[in-house]
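Colleague: So you can see what is in the structure, the chains are spelled out below.
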Amino acid sequence: MAATVQAGRRPLRLAPNYWLFVLPALIVVLAVIVFPWAFTIWMSGNEWTLGSPRSFVGFANYLRLWADPRFWESLGHTLWYTLLSVVMPLILGTLAALIFDARFPWRGFLRGIFVMPMMATPVAIALVWTMMFHPQLGVLNYLLSLVGIPAQEWIFNPSTVIPSLVAVETWQWTPLVMLIVLGGLASLPRDPYESAEIDGANGWQKFYHLTLPMIAPFIMVAAIIRSIDALKSFDIIYAMTQGGPGTASETINIYLYNTAFAYYDIGYSSAMAIIFFVIIVALSLILLMLRQRLQWSEAEGK
Amino acid sequence: MTSRTITRRDFLAGAAGLGAAGVIGARPAFSAEVDWKKFSGQTLEVNLVKSPRSDTILKYLSEFEEMTGIKVNAEATPEQQQRQKTVIELSSGKPSFDVVHLSYHVQKRQFEKGGWLADIGGFLKDPSLTEAANTEGDFADAGLAYAKNADGTLHSLPFSVDYWIIYWNKDLFQAKGLDYPATFDDLVKAAEALTDKDAGTFGFVARGLKNANVPVWTSLLLGFDKYTVENGTLQTETPEAVEAAALYKRLMTTSAPPGVAGFNWAESQSAFLQGKIGMWLDGVGFAPPLEDPNKSRVVGKVGYGIMPKGPKAHASGTFGDGIGVTAASEKKEAAYLFCQWAVSPVMGARLLQAGAGVPFRKSVLGDEKVRSGVTMPGQWVDAVAGSGDISRLALPVIVPVTEFRDTFGVALTNLISGGDPAAELKKATEAFKPVLEKSEKA
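As you go down the protein sequences, you meet chains R and D in turn. Each residue of the first sequence is one higher than the one before, starting from 1 at the first, in the numbering used here. Each residue of the second sequence is one higher than the one before, starting from 303 at the first, in the numbering used here.
Treat each hint with caution, since some may be false.
What the hints assert, rightly or not - Some chain R residues judged to face chain D by a derived CB distance under 10 Å, without partners named:
1. N46
2. P135
3. N157
4. P158
5. S187
6. P189
7. T211
8. S284
What the hints assert, rightly or not - Label pairs and their computed distance ranges (CB to CB):
9. R:L143 to D:Q681: 56 to 64 Å
10. D:D487 to R:G76: 49 to 57 Å
11. D:A548 to R:L143: 35 to 43 Å
Read the hints as simulated data drawn from the structure, not as lab findings. Computed from a predicted model, the values in this text were never measured in an experiment. All residues carry an ideal CB built from backbone N, CA and C; glycine is no exception.
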């Protein structure tokens, strides 16, 4: 600031220069966000496998991505996995929130128990579930056998692997949705219900016409959080199946990881990371737009 | 319970170690001609793969430090993470370690092309650095083939070898009046005869999980006298390859437990431990838990069989790890001393006796005193020695081994869910061909 005073010869009282204070934050942002980004983009323009020389190839990696069936397949898996692991916790979590919103003895204690899966480490959960899913030794098939259902292959069969993984994801993340929706339920006003009761509405009508529309914004928030989480999901899949059997549960994250750290194909994996980032941003924008649209129409309707 | 087992094993290993060294004080374990103290005061960084092999090294590390005065900072990380870390650091040109532990069957060609390991051939011939007994000739051929580059220079010391054998359940065989199979045909017949799906008994188990399953197929392929890559060309569409894949499919669909498509060695092992599996084809190093009463229902009932004879050859798939000095290290001699100690007869005996691994050195395997101290059954040692005689490399020596295993692993997994061997192999070969060509061109 002393410099500004000297340079201008008269003090600039109205426009003091604060750039020095912004600098530390700017440096951090440049170093940990902008630089890795720029570097990834640069890498994606190179043919670069660790251990062999690097050469600039322009958009070749992106073209290769376009023609790579394994990439498209993994994109499909990612979207399917995400859809299931958003919808399932949303339904079950809302249901759980409605149950835990009612008054009954031991409610606080049971809520605490219900939230516990969320607190566990994903990899530890994955290992426990892998054992439970074991076709011969797992407890799940034993339980099924008690009620006469034949043994399932769970994560060991290409056609059931994604739903089975989603079951684990659902088990872990339903409590989060429950907490968010429960918060919403607690904030609901009493009066609409009273007038509905006077009008003779039954339980289902009250839920469908009053509760659901009023907690919809909370469910939307839960949906956005879950979508972002599910898209990024890596730990549970990697620890349980590593993308298998075959490539039946290989999401983009897993394929990306393999390309970078098992095949050491840095250029190609960088291109994949960029495309994946674009997809995530696009999906987030769609969700945000959806949220805005919903609230807007809601406001208009009232 | 566990600690008691370890203590007992410690005692046996320790006692046997002394046995290998002769009676206390009578004959030193390490040759006095080598000036072990020459590099006293240096500090080495050692990067190991976490495994029973590296556990053995870490356990006796202080002995090396006392003998040489060299301080060792050793780090052992799980296989996959260690591979990532070492490759990234080595390709940066400034690795943080002097000694590196590598999986030959995955990394050999990659390390060779990268020029990441120092040529230690000169050290091996230098009597002030190397014990007289430590010669090239003392290492098994497969190990030397791995340790040497294409131009014949030596870049690592073969540390531990893994042969593929068949673990078989003697009780189940006896119940059906069967003998251990001598040929591939017998193998299939026995596997199918042992299978009783209603009773939950299955004749055969092996890895079905993508990537992990490739050695099962290549082990069978060796019996057809074929390698997956010969003279730089893929042999994965040949009639032999298709036949081996068909054999894999038959074993894994008619005689293996449901869900085998997702089995790695760990799932196969736990299935075998329950006593409901007739035969399990996998590496020789997975044996110790089978004889541990705390983990196994088949203690004392396990037979250890050499791979049956194929239609054209009798071969045992061989894998291994080595230990070498990085080209960038500034303490190559000290690092070499460490490598030499790690593959020394004393350490090799400890490895073998604990069932933690099998040394590449013939002098260790052939030593009666060492053999008598082995905690595993005699049949296991016989299987190891017998496999050594027919050992062949079971994975191609190329850079993209992991991609090879992934691509063909998917094909094999598809076979289990009904795919056609010829069609699946054709698809995988087409997908992998450009990858291989690119890697060799670069």
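Colleague: Would you mind marking each hint as holding or not holding in the structure?
Modeller: A quick look at each hint next to the structure:
1. N46: violated (13 Å)
2. P135: Status holds, d = 3 Å.
3. N157: holds (7 Å)
4. P158: At 6 Å from the nearest chain D Cβ, P158 (chain R) passes the 10 Å test, so the hint holds.
5. S187: With a minimum Cβ separation of about 45 Å from chain D (threshold 10 Å), the hint on S187 (chain R) is violated.
6. P189: violated (51 Å)
7. T211: With a minimum Cβ separation of about 42 Å from chain D (threshold 10 Å), the hint on T211 (chain R) is violated.
8. S284: At about 30 Å, which exceeds the 10 Å cut-off, the nearest Cβ of chain D leaves the hint on S284 (chain R) violated.
9. R:L143 to D:Q681: 56 to 64 Å: Once the Cβ atoms are compared, 39 Å apart, the range 56 to 64 Å for Q681 (chain D) and L143 (chain R) is violated.
10. D:D487 to R:G76: 49 to 57 Å: violated (42 Å)
11. D:A548 to R:L143: 35 to 43 Å: Given range 35 to 43 Å: holds, Cβ gap about 37 Å.
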